[in-house]
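Q: Listed below are the residues making up each chain.
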Amino acid sequence: MIISTNPATAEDLERFAIWGRASVPPAPPEDPGNRPSDGRGPGAGETSMTEGERKTALEMVQAAGTDRHCVTFVLHEEDHTLGNSLRYMIMKNPEVEFCGYTTTHPSESKINLRIQTRGALPAVEPFQRGLNELMNVCQHVLDKFEASIKDYKDQKASRNGSTF
Amino acid sequence: MEQRLAIFNASGGGGLPQRPRTTTRTHARLKVSWRFKMAAAQAVEEMRGRVVLGEFGVRNVHTTDFPGNYAGYDDAWDQDRFEKNFRVDVVHMDENSLEFDMVGIDAAIANAFRRILLAEVPTMAVEKVLVYNNTSIVQDEILAHRLGLIPIHADPRLFEYRNQGDEEGTEIDTLQFRLQVRCTRNPQAAKDSSDPNELYVNHKVYTRHMTWVPLGNQADVFPEGTIRPVHDDILIAQLRPGQEIDLLMHCVKGIGKDHAKFSPVATASYRLLPDITLLEPVEGEAAEELSQCFSPGVIEVQEVQGKKVARVANPRLDTFSREIFRNEKLKKVVRLARVRDHYIFSVESTGVLPPDVLVSEAIKVLMGKCRRFLDELDAVQMD
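Just so you know, the protein sequences line up as chains C and P, in that order. Using this note's numbering, the first residue of the first sequence is number 1, and each one after it goes up by one. Using this note's numbering, the first residue of the second sequence is number 1001, and each one after it goes up by one.
FYI, nobody ran anything at the bench for these hints, they're computed from the structure. What you are looking at is a predicted structure, and each value in this text was computed from that prediction instead of being measured. Some clues are possibly wrong.
As the list claims (entries may be wrong) - Keeping only pairs whose Cα atoms sit at most 30 Å apart, straight-line, the calculated DSBU-like set for lysine-lysine is:
#, chain 1, residue 1, chain 2, residue 2
1, P, K1332, C, K150
2, C, K110, P, K1331
3, P, K1128, C, K153
4, P, K1084, P, K1364
5, C, K55, C, K144
6, P, K1037, P, K1261
7, P, K1257, C, K55
8, C, K144, P, K1037
9, C, K156, P, K1364
10, P, K1128, C, K144
11, P, K1364, C, K150
12, P, K1331, P, K1261
13, C, K153, P, K1332
14, P, K1128, C, K110
15, P, K1364, C, K144
16, P, K1332, C, K156
17, P, K1204, C, K110
18, P, K1084, C, K55
19, P, K1331, P, K1364
20, P, K1204, P, K1261
21, P, K1204, C, K55
22, C, K55, P, K1332
23, P, K1308, P, K1332
24, C, K110, P, K1307
As the list claims (entries may be wrong) - Here are a few chain C residues that sit away from chain P, every Cβ distance over 12 Å (derived from the structure):
#, residue
25, A57
26, A63
27, H80
28, S85
29, R87
30, N93
31, L121
32, G130
33, N132
34, H140
35, A147
36, D151
We put the beta carbon where it would ideally sit given N, CA and C, even for glycine.
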């Protein structure tokens, strides 16, 4: 899949694509802090096409000139389901100064999630921490739910058993 | 977002302020300011914990307990505090419907579960219909649409998604059903009868006429009778003598986002626990009026020392018709609110999977989404 950049924003953005399939050799650019932004994207974000499908699942977009503490993540094939819950978990992090998400257009199933951290913390860190914490929440909810269902079934079974 | 509510002095760590020890001279002055602080603290608690239904609008809708919003409160995410406060109570469960409470979680995550239950838990449903003969008056495409909506009793976790572009389907991703019905005239019917049940044979096509055609090793894996439509009495089409339906159906695995026929729930919804407070005691006739303004069982009128006194007995039953706001006297007496983190879920399954399994699968789907992005991040950071 070729990433096409809107010419109007090409001067402002360097686009770093993260490829979806691990088998496809990704060629993301080196640390952008070292490379002077020449004002033109997408630079080394594209790799040569190989056969077979490849779908971008996650992209990071960063305005030229800023360091890594403000990043917009583009999550493909996602909507408010993950977007809102992830935004909540990231906002609970006191290091995060700003976190918000939007659906770009109802016809496209992708969300832009922007994270700005206070200080010099790279924005990927609260993103990763938010995902981990959301997973822990889900795991705990699952455990509690299944325990509760089991209790209810046991209670019902013992109630039915005692009436006979 | 940085608005600080500077109500508490520096000694506070969250919670209500302590009553200061004072001498009698300053007592009156400090008593007033202590009451003010108590009221302010209650206002903050209400802002954080309740969604208030006013007469003309709803207040405190959004979650505001993020770090930095309230002075004196530590709102950073703490997994241990979450685990301590969180609980799940199953209220009612039978084979197709489940009602349970989730307490101590935020709207974003509860809503994520609801959305996943509706749209992202996979099921099997009829996707392709190969029509060999259809001489009924129901058009092919209408018939195919109806067949797609029939819930199929097959555990979707035992199947895989069909690969893109694969037309034939293999035993691991496809189920086949055959529907072959021909309507004929009944020779034994009475001459003057006008009842179609007597005159015709097979004139109504039900789901019980669908037969499963095992593919490959499916006959060994699935015992006889387990792969079938959930209900055998769904009317598919009606026929008259000489009309026939002969078709083959392929079922595949899909999710509700793609087409609503794949949704495993009849519906899944939640509501917040109602919280009704009487700001003043209500007695006598007004108590009876009050109990009429709410759903039955919410307000209980008791005889206390000869007077009738109203008491909030079971706010959970209320459906918030807001009838109370139509009563000029009583609308100032009641505060209608909802508890912000107490969700009463109601899940009704179509019969494909039991409702508790559906909720578990929904939670696993959300975990799967998180894991997918964590893997993406790891793949990048490794380079």
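Q: Now tell me, hint by hint, if it's right for this structure.
A: Results of checking the hints against the structure:
A hinted pair counts as satisfied when its Cα atoms are at most 30 Å apart, and P/K1332 with C/K150 does not qualify at roughly 45 Å. A threshold of 30 Å between alpha carbons decides the hint, and for C/K110 with P/K1331 the separation of about 46 Å lies outside it, so the pair is violated. Between P/K1128 and C/K153, the direct Cα distance comes to roughly 39 Å. Violation of the 30 Å bound is thereby established for this hinted pair. Distance check on the hinted pair: P/K1084 and P/K1364 sit about 22 Å apart at the alpha-carbon level, within 30 Å; holds.
Proposed proximity of C/K55 and C/K144 is contradicted: the alpha carbons are some 35 Å apart, above 30 Å. Simply put, P/K1037 and P/K1261 have alpha-carbon atoms about 56 Å apart, too far for the 30 Å limit, and the pair is violated. A threshold of 30 Å between alpha carbons decides the hint, and for P/K1257 with C/K55 the separation of about 19 Å falls inside it, so the pair holds. For the suggested pair C/K144 and P/K1037, the alpha carbons sit about 38 Å apart, so the restraint of at most 30 Å is broken.
In summary, the hint linking C/K156 to P/K1364 is supported, as the alpha carbons are separated by about 26 Å, within the 30 Å threshold. Taking the CA atoms of P/K1128 and C/K144, the gap is near 40 Å; set against the 30 Å cutoff, the hint is violated. The suggested pairing of P/K1364 with C/K150 holds, with an alpha-carbon distance near 18 Å, which does not exceed 30 Å. For the proposed pair P/K1331 and P/K1261, the alpha carbon gap of about 45 Å is over 30 Å, so the pair is violated.
For the proposed pair C/K153 and P/K1332, the alpha carbon gap of about 44 Å is over 30 Å, so the pair is violated. Of the supplied pair hints, the one linking P/K1128 and C/K110 holds, its CA atoms being roughly 29 Å apart against a limit of 30 Å. In summary, the hint linking P/K1364 to C/K144 is supported, as the alpha carbons are separated by about 13 Å, within the 30 Å threshold. Pair hint P/K1332 plus C/K156 does not hold up; C-alpha atoms about 44 Å apart against a cutoff of 30 Å.
Taken as a hint, the P/K1204 and C/K110 pair is broken in the structure, with Cα atoms around 46 Å apart against an allowance of 30 Å. Taking the CA atoms of P/K1084 and C/K55, the gap is about 40 Å. The hint is violated against a cut of 30 Å. Restraint check: the Cα-Cα separation between P/K1331 and P/K1364 comes to about 45 Å, which exceeds 30 Å; the hinted pair is violated. Taken as a hint, the P/K1204 and P/K1261 pair is honoured in the structure, with Cα atoms around 23 Å apart against an allowance of 30 Å.
Annotation: proposed proximity of P/K1204 to C/K55 is violated, straight-line Cα distance about 47 Å (limit 30 Å). A threshold of 30 Å between alpha carbons decides the hint, and for C/K55 with P/K1332 the separation of about 58 Å lies outside it, so the pair is violated. The straight-line distance between the Cα atoms of P/K1308 and P/K1332 is roughly 19 Å, inside the 30 Å bound, and the hint therefore holds. A C-alpha spacing of about 62 Å is found between C/K110 and P/K1307, which places the hinted pair above 30 Å, so the restraint is violated.
The Cβ of C/A57 does not lie farther than 12 Å from every Cβ of chain P; its closest approach is about 5 Å, which violates its non-interface assignment. Consistency note on C/A63: stated as away from chain P, and its beta-carbon is indeed over 12 Å from all of that chain's, at 19 Å minimum. The non-interface label for C/H80 is inconsistent with chain P: the shortest C-beta to C-beta separation is roughly 7 Å, within 12 Å. A cut-off of 12 Å between C-beta atoms contradicts the statement that C/S85 is not in contact with chain P; the least separation is 4 Å.
Not every CB of chain P is more than 12 Å from the CB of C/R87 (nearest about 7 Å), against its label as outside the interface. Not every CB of chain P lies more than 12 Å from the CB of C/N93, the least distance being 6 Å, so the non-interface label is violated. The non-interface label for C/L121 is consistent with chain P: the shortest C-beta to C-beta separation is roughly 14 Å, beyond 12 Å. With a least CB separation of 9 Å from chain P, C/G130 falls inside the 12 Å interface cut-off, contrary to its annotation.
Remark: the non-interface label on C/N132 conflicts with the geometry, its nearest Cβ contact in chain P lying 7 Å away (cut-off 12 Å). Listed as outside the interface, C/H140 is inconsistent with that label: its C-beta sits roughly 6 Å from the nearest C-beta of chain P, within the 12 Å cut-off. The non-interface label for C/A147 is inconsistent with chain P: the shortest C-beta to C-beta separation is roughly 8 Å, within 12 Å. Once the 12 Å rule is applied to beta carbons, C/D151 is inconsistent with being away from chain P; the minimum gap is 8 Å.
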